[in-house]
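Asks: Chains F and H supply the protein sequences, listed in that same order. Mapping of the first sequence onto numbering that gives the first Met the number 0: position 147 corresponds to residue 146, and the numbering continues sequentially without gaps. Mapping of the second sequence onto numbering that gives the first Met the number 0: position 198 corresponds to residue 197, and the numbering continues sequentially without gaps.
The set of hints was computed from the structure by calculation and includes no laboratory data. The reader is advised that the hints may include incorrect statements.
[Unchecked claim] Heads up, simulated DSS-like pairs for lysine-lysine below, C-alpha to C-alpha not over 30 angstroms straight-line:
1. F:K193 <-> H:K260
2. F:K195 <-> H:K260
3. H:K195 <-> F:K195
4. H:K178 <-> F:K260
5. F:K193 <-> H:K195
What you are looking at is a predicted structure, and each value in this text was computed from that prediction instead of being measured.
Protein chains: 2
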Amino acid sequence: MNQIDSSIRASAPGTLMLLGEHAVLHGSRALVLAVDKRIRVELTPLDEPQLEIESALGQYRAPIDQRHADATFSFILAAFEHCYTAFAVEAGISPGTGVRLQVESDFSHLVGLGSSAAVTVATLAVLNRWLGQSPNSDQLFEQARAVMLRVQGRGSGADLAAAIEGGMVAYHQSGERQKLAPLPSIGLYYCGYKLKTPLVLERVAEAAEQLPLLYQHLYQLMAECAEQACEAAGQGDWTLLGRLMNYYQGLMDALGVNDAKLSQMIYQLRGDSLVQGAKISGSGLGDCVISLGQPQAVELPDRIPVQVASLGLRLD
Amino acid sequence: MNQIDSSIRASAPGTLMLLGEHAVLHGSRALVLAVDKRIRVELTPLDEPQLEIESALGQYRAPIDQRHADATFSFILAAFEHCYTAFAVEAGISPGTGVRLQVESDFSHLVGLGSSAAVTVATLAVLNRWLGQSPNSDQLFEQARAVMLRVQGRGSGADLAAAIEGGMVAYHQSGERQKLAPLPSIGLYYCGYKLKTPLVLERVAEAAEQLPLLYQHLYQLMAECAEQACEAAGQGDWTLLGRLMNYYQGLMDALGVNDAKLSQMIYQLRGDSLVQGAKISGSGLGDCVISLGQPQAVELPDRIPVQVASLGLRLD
Chain F
0 MNQIDSSIRA
10 SAPGTLMLLG
20 EHAVLHGSRA
30 LVLAVDKRIR
40 VELTPLDEPQ
50 LEIESALGQY
60 RAPIDQRHAD
70 ATFSFILAAF
80 EHCYTAFAVE
90 AGISPGTGVR
100 LQVESDFSHL
110 VGLGSSAAVT
120 VATLAVLNRW
130 LGQSPNSDQL
140 FEQARAVMLR
150 VQGRGSGADL
160 AAAIEGGMVA
170 YHQSGERQKL
180 APLPSIGLYY
190 CGYKLKTPLV
200 LERVAEAAEQ
210 LPLLYQHLYQ
220 LMAECAEQAC
230 EAAGQGDWTL
240 LGRLMNYYQG
250 LMDALGVNDA
260 KLSQMIYQLR
270 GDSLVQGAKI
280 SGSGLGDCVI
290 SLGQPQAVEL
300 PDRIPVQVAS
310 LGLRLD
Chain H
0 MNQIDSSIRA
10 SAPGTLMLLG
20 EHAVLHGSRA
30 LVLAVDKRIR
40 VELTPLDEPQ
50 LEIESALGQY
60 RAPIDQRHAD
70 ATFSFILAAF
80 EHCYTAFAVE
90 AGISPGTGVR
100 LQVESDFSHL
110 VGLGSSAAVT
120 VATLAVLNRW
130 LGQSPNSDQL
140 FEQARAVMLR
150 VQGRGSGADL
160 AAAIEGGMVA
170 YHQSGERQKL
180 APLPSIGLYY
190 CGYKLKTPLV
200 LERVAEAAEQ
210 LPLLYQHLYQ
220 LMAECAEQAC
230 EAAGQGDWTL
240 LGRLMNYYQG
250 LMDALGVNDA
260 KLSQMIYQLR
270 GDSLVQGAKI
280 SGSGLGDCVI
290 SLGQPQAVEL
300 PDRIPVQVAS
310 LGLRLD
């Protein structure tokens with residue numbers, strides 16, 4: 000079959016925040032990690048002018064020139080919009096053809112492993128190849144950021160950077176990113192619920208309005224901590240990085256994004272001798288906590304079995 | 000009996016920290032409260048050259064000119080030392096006479112209600128009267144601070160200020176203190192264990208050595224928060240004061256003086272609709288948590304039944 004021969008495959012890793020969430024939106028650097036759970040996207044050219052999307056979350060099918068919105072596939076559709084509009088004519092794509100995008104994921108989109116970032120990056124990669132483009136990683140990052148902003152209006156882009164680069168990345172929202180080695184060993188635990196990041200940001204913004212100076216200075220302190228954490232991470236000084244994680248967690252608590260359950264999990268993890276530090280991963284008020292070092296003696300439910308992995312975006 | 004006729008009685012309130020602990024040692028203001036549980040000291044002149052101390056904690060008896068150290072009564076003995084050395088000759092105290100000091104307390108010295116401060120202030124008050132001195136509150140505060148420094152080497156003096164003034168006091172370790180109204184309603188809960196303040200300070204100092212700049216800036220932020228809290232407290236804006244307490248608690252967590260149990264109690268208290276804010280009271284790593292507002296729906300064990308009370312040192 001010609002179509003199978005010409006299919007294009009890409010995959011990108013899930014990502015998670017080690018340190019710097021919230022402050023990264025205010026100009027700080029952040030440490031973000033790519034993990035060994037991935038999202039794969041396969042593009043198959045079709046002989047009919049259709050856009051089809053298939054994943055475990057559902058199906059989408061529309062005439063390629065009459066695409067409709069679909070919340071389930073908002074990132075894929077925005078990525079398609081971005082690339083197809085820009086490059087289809089230039090690539091000489093015949094009006095009578097289309098594509099099928101098949102998505103497979105190693106992890107649920109319900110836990111905070113950056114599924115939107117991974118699927119966006121992998122989708123952009125296969126679309127660029129199909130449309131004859133060979134963007135470098137900076138260009139791909141800018142495409143991905145445009146897609147993210149189109150869908151959700153804001154975001155640091157840190158998860159996009161790690162999905163592209165893999166491993167551990169020191170990221171600034173200017174787009175500047177530095178891949179660091181060695182990679183840390185981590186534990187990741189889901190707390191059982193999750194408030195969507197935009198809602199968390201809204202609550203923080205409300206609190207910040209009431210204490211503007213205290214929040215401004217808090218972000219400055221988070222930025223200082225994140226800067227020291229990037230240095231410690233680059234040197235593989237896990238003891239220092241763990242201390243900085245604990246410190247940052249206190250600042251997250253002051254920010255108002257900690258809660259009883261997250262706090263309980265974090266203190267349990269810190270009680271393990273193999274854990275150098277523990278904190279919320281991500282915007283808070285739910286989702287995951289991350290430990291630097293894998294606990295040995297402490298058993299927490301809902302462990303998400305991930306490890307930091309060096310492999311970023313891969314285009315087959 | 001002549002001796003009973005000439006006895007002198009004073010009492011001082013227990014105290015607790017509402018906000019500003021740790022930072023007050025670095026030049027910040029603090030909010031400290033006097034409560035309705037008191038320590039009473041009665042001085043009875045004796046016809047023999049003895050110093051006697053009696054309390055629920057034990058007894059002490061020594062020739063007045065051959066006093067020995069006793070850890071149980073270190074603050075009382077230092078207060079005696081301070082006053083007797085300074086004023087006995089001037090007061091014309093006969094070499095053949097002595098005193099008995101009887102101490103009664105409404106609360107255990109094991110919970111963080113500032114028993115040392117209360118007993119120091121009340122003891123100094125009766126000794127001054129016996130020795131013909133009439134110090135004003137500034138002078139008494141300086142005497143009390145000298146006693147405290149003699150016994151434990153350091154301390155902010157905030158609890159001494161509240162034990163003298165009563166009510167809610169905005170305190171600076173320069174000795175500057177401002178009595179505020181109205182008085183807040185509070186809940187106080189003991190966590191079941193307590194690390195002595197000097198040991199807590201030692202641990203914080205160790206952590207600060209490793210992250211000097213982050214700790215310096217953390218203290219600055221605590222000071223800013225405390226300053227806003229003093230203003231909110233003076234205006235009786237409990238909603239704002241509660242928010243500032245929660246914020247300060249996050250900074251205490253970053254400082255490294257929070258733990259699993261304290262955190263759990265604090266988040267339980269914050270879950271009550273009548274609680275405006277909740278945090279550690281005192282140096283942390285044990286002891287008490289304090290809520291602004293008395294919880295209605297949440298039941299925590301080990302409630303210490305205290306209320307803020309306006310009455311400070313009282314000399315009968």
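Asks: Hint by hint, say whether it matches the structure.
Replies: A quick look at each hint next to the structure:
{"no.": "1", "hint": "F:K193 <-> H:K260", "in the structure": "holds (24 angstroms)"}
{"no.": "2", "hint": "F:K195 <-> H:K260", "in the structure": "holds (28 angstroms)"}
{"no.": "3", "hint": "H:K195 <-> F:K195", "in the structure": "violated (42 angstroms)"}
{"no.": "4", "hint": "H:K178 <-> F:K260", "in the structure": "violated (38 angstroms)"}
{"no.": "5", "hint": "F:K193 <-> H:K195", "in the structure": "violated (39 angstroms)"}
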